[in-house]
Every structure is written in C-alpha cells, then in structure tokens.
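Peer 1: Make the full structure from the sequences, and use the hints.
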Amino acid sequence: MTTEQIIFLIVGAVTLLSALMVVTARDLVHAALWLVATLFGVAVVYTLLNAGFLAVVQVVVYIGAIAILFIFAVMLTRRQTSKDTGPAVNKNWWLGALLAALTFAGLFSLLQGWSGFSKTASAFPSGFDAVNELGLALVSPTGYVLPFEVASVLLVAALVGAVYLAFNKK
Amino acid sequence: MIPLSWYLILAAGLFSVGLFGVLARRNAVAILLSVELMLNAVNVNLVAFWRYGDVAQMAGQVFAIIVFAVAAAEVAVGLALVISVYRRRNTVAAEELDLLKW
Numbered sequence: 519m520t521t522e523q524i525i526f527l528i529v530g531a532v533t534l535l536s537a538l539m540v541v542t543a544r545d546l547v548h549a550a551l552w553l554v555a556t557l558f559g560v561a562v563v564y565t566l567l568n569a570g571f572l573a574v575v576q577v578v579v580y581i582g583a584i585a586i587l588f589i590f591a592v593m594l595t596r597r598q599t600s601k602d603t604g605p606a607v608n609k610n611w612w613l614g615a616l617l618a619a620l621t622f623a624g625l626f627s628l629l630q631g632w633s634g635f636s637k638t639a640s641a642f643p644s645g646f647d648a649v650n651e652l653g654l655a656l657v658s659p660t661g662y663v664l665p666f667e668v669a670s671v672l673l674v675a676a677l678v679g680a681v682y683l684a685f686n687k688k
Numbered sequence: 042m043i044p045l046s047w048y049l050i051l052a053a054g055l056f057s058v059g060l061f062g063v064l065a066r067r068n069a070v071a072i073l074l075s076v077e078l079m080l081n082a083v084n085v086n087l088v089a090f091w092r093y094g095d096v097a098q099m100a101g102q103v104f105a106i107i108v109f110a111v112a113a114a115e116v117a118v119g120l121a122l123v124i125s126v127y128r129r130r131n132t133v134a135a136e137e138l139d140l141l142k143w
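Protein chains in written order, with our numbering: chain A, 519 to 688; chain B, 42 to 143.
If you are wondering where the hints come from, they were derived from the structure by calculation, not from laboratory data.
Given the structure is predicted, the values throughout are model-derived calculations rather than measurements.
Even glycine gets a Cβ: it sits at the ideal position worked out from N, Cα and C.
Keep in mind that the hints are not guaranteed to be accurate.
Simulated DEER-style distance windows between Cβ atoms [unchecked claim]:
#: 1; chain 1: B; residue 1: Asp-139; chain 2: A; residue 2: Ala-583; range: 52 to 62 Å
#: 2; chain 1: B; residue 1: Gln-98; chain 2: A; residue 2: Trp-632; range: 11 to 21 Å
#: 3; chain 1: A; residue 1: Ser-670; chain 2: B; residue 2: Asn-131; range: 49 to 59 Å
#: 4; chain 1: A; residue 1: Asp-545; chain 2: B; residue 2: Ala-97; range: 40 to 50 Å
Listed below are the simulated EDC-like cross-link pairs for lysine to aspartate or glutamate, each with C-alpha atoms no more than 20 Å apart in a straight line [stated by the list, open to error]:
#: 5; chain 1: A; residue 1: Lys-609; chain 2: B; residue 2: Asp-139
#: 6; chain 1: A; residue 1: Lys-609; chain 2: B; residue 2: Asp-95
#: 7; chain 1: A; residue 1: Lys-637; chain 2: B; residue 2: Glu-137
#: 8; chain 1: A; residue 1: Lys-609; chain 2: B; residue 2: Glu-136
#: 9; chain 1: A; residue 1: Lys-609; chain 2: A; residue 2: Asp-545
#: 10; chain 1: A; residue 1: Lys-637; chain 2: A; residue 2: Glu-522
Peer 2: Here's what the structure looks like:
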C-alpha cells in the first residue's frame, strides 16, 4: 500500500463515520459540527484528486458559510417543547435505512459491472495548470460562461427569496 | 495510486447515508443537513471522474462549482423557509407540518 492509499482510507473512514454521526446525533448542534468534520474530509479527498482550488472553495464556502448558517438556524429554532424533543428519527426510520442500504448495494453492483471501475489516474500532462484551466473554462465563451452566469443569477434570486421569506412583517 | 473505485464507493456510501438522513430524520434542519451530505457525494463523483478521465476537459470541476452555488442557494432558501415555518407553527418537526395532507 502506498502512503496515498493509507491517507485515503483514514480520511474516507473519518468522513463516513462523521456522516453517520450527522444523521444519528440527537443534538442538532452536534449534527452540524459533525457535518463540518465530514466537509473537511471531503476537502481532503479533493486534495487527493489534485483539485486544490475546489478543496479551498469547500473550506471557505461550505464550512465557512453553509455550516455556520446551519448553526444559526439551529439557534433561531431551538425550543424545548414536547413536540420537538421526541426521538431523532421518525417511526418509519427502518424503511429509510432499508432504502439507503438498497441504494448502496444497487450502486455498488452497477459500478462493479462497469469496465472502467478500477482504472487508475494518468499523470497530468507537462505544463498543465488545473486552476488556470478551470478559470479559463469558466469565462471563455466556448467554455462554460453561460452556466457560470446562470449560477450567479440563481444566487441573487435565492438571496432575494431568502430575505423575503425570513423577513418579519410586523 | 488510488483506483477510481475507491472514490466511487466512498461517494456511494456518503450518498446512502445522506438518503437515510433525509428519509428518517424528524427535524427539518437535520433533513437539510442530510441533503448537504448527498450533494457532497455527487461532488466527489464529479471531481473523481474529471481526474480519471481527460483532465483537459474541465467539465467535472465546473459542474462541481455549479453544485456549490446550488447548494448555497438551497441552504439559504431552505433555512429561511424553516425559520418562517417556525415563526408560524412553533415547530420544525417534519411530521407536524401536515397542512397539505388531507
């Protein structure tokens, strides 16, 4: 086993275990903090895949903004009434667990039959700069400038919608 | 080198855990947390296919960035909805919100 593989196994195990804690933790603040651990694990996976820019974006956007937004939402909606202090999962949780296990088994068997399943990565061509290429692809008219602009419009629309929904009219 | 299969299995596991959370959790905020897990699993797949396919084709990374933007928008609107529902109904438990259920 190479060092890279050992790092992947450790990070993958930590990521999956913290993901399990996210969906089982009784306390929502703990669930949000476990989500931060999961997101860090995914950022390390991006680094292993030579996508350094995405790893940084993952830490800045996901952990810095989205996870903190979750903690704010938990803070604003916390209440110790009888309604909200029941079990963490609903009474049909076993059906959800069965469906999730079936999804995993289905994905696994589907992928196992695919010829490219265990292929290894080829080395980068010499002089290839992934961040530079990504920046060019995002702004060039022959690349992905339209999805990029649509994403910015979507963000503005979501911002306006979120302000409108959460606005206290009184 | 790490074979592609390891990344795909990790992503499948992450997606299934998120699916379980979406189906089983009672709290609406916890359901949104689980949706984030599923979106991250998709992103791992996109970046893995970029790296193991033709690296000069940046589509995998570009779509991962679009997924980031969609996730941010989804969380902003979702949490605003949760806070709005909490103001009106005083609960965020998903089974209490049965106004559309006949």
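Peer 1: Look at each hint and say if it fits the structure.
Peer 2: Here's how the hints hold up against the structure:
Restraint check, Asp-139(B) to Ala-583(A): a C-beta distance of roughly 32 Å breaks the suggested window 52 to 62 Å. At about 19 Å, the beta-carbon gap between Gln-98(B) and Trp-632(A) stays in the expected band of 11 to 21 Å. Our hint of 49 to 59 Å for Ser-670(A) and Asn-131(B) is violated, since their Cβ atoms are close to 36 Å apart. Roughly 47 Å separates the CB atoms of Asp-545(A) and Ala-97(B), a value that falls within the hinted 40 to 50 Å.
Restraint check for Lys-609(A) and Asp-139(B): satisfied, since their Cα atoms lie roughly 16 Å apart, inside the 20 Å limit. A C-alpha spacing of about 46 Å is found between Lys-609(A) and Asp-95(B), which places the hinted pair above 20 Å, so the restraint is violated. The straight-line distance between the Cα atoms of Lys-637(A) and Glu-137(B) is roughly 48 Å, outside the 20 Å bound, and the hint therefore fails. Annotation: proposed proximity of Lys-609(A) to Glu-136(B) holds, straight-line Cα distance about 10 Å (limit 20 Å).
A C-alpha spacing of about 18 Å is found between Lys-609(A) and Asp-545(A), which places the hinted pair at or below 20 Å, so the restraint holds. Of the supplied pair hints, the one linking Lys-637(A) and Glu-522(A) holds, its CA atoms being roughly 16 Å apart against a limit of 20 Å.
Violated hints for the displayed structure, listed by number in ascending order: 1, 3, 6 and 7.
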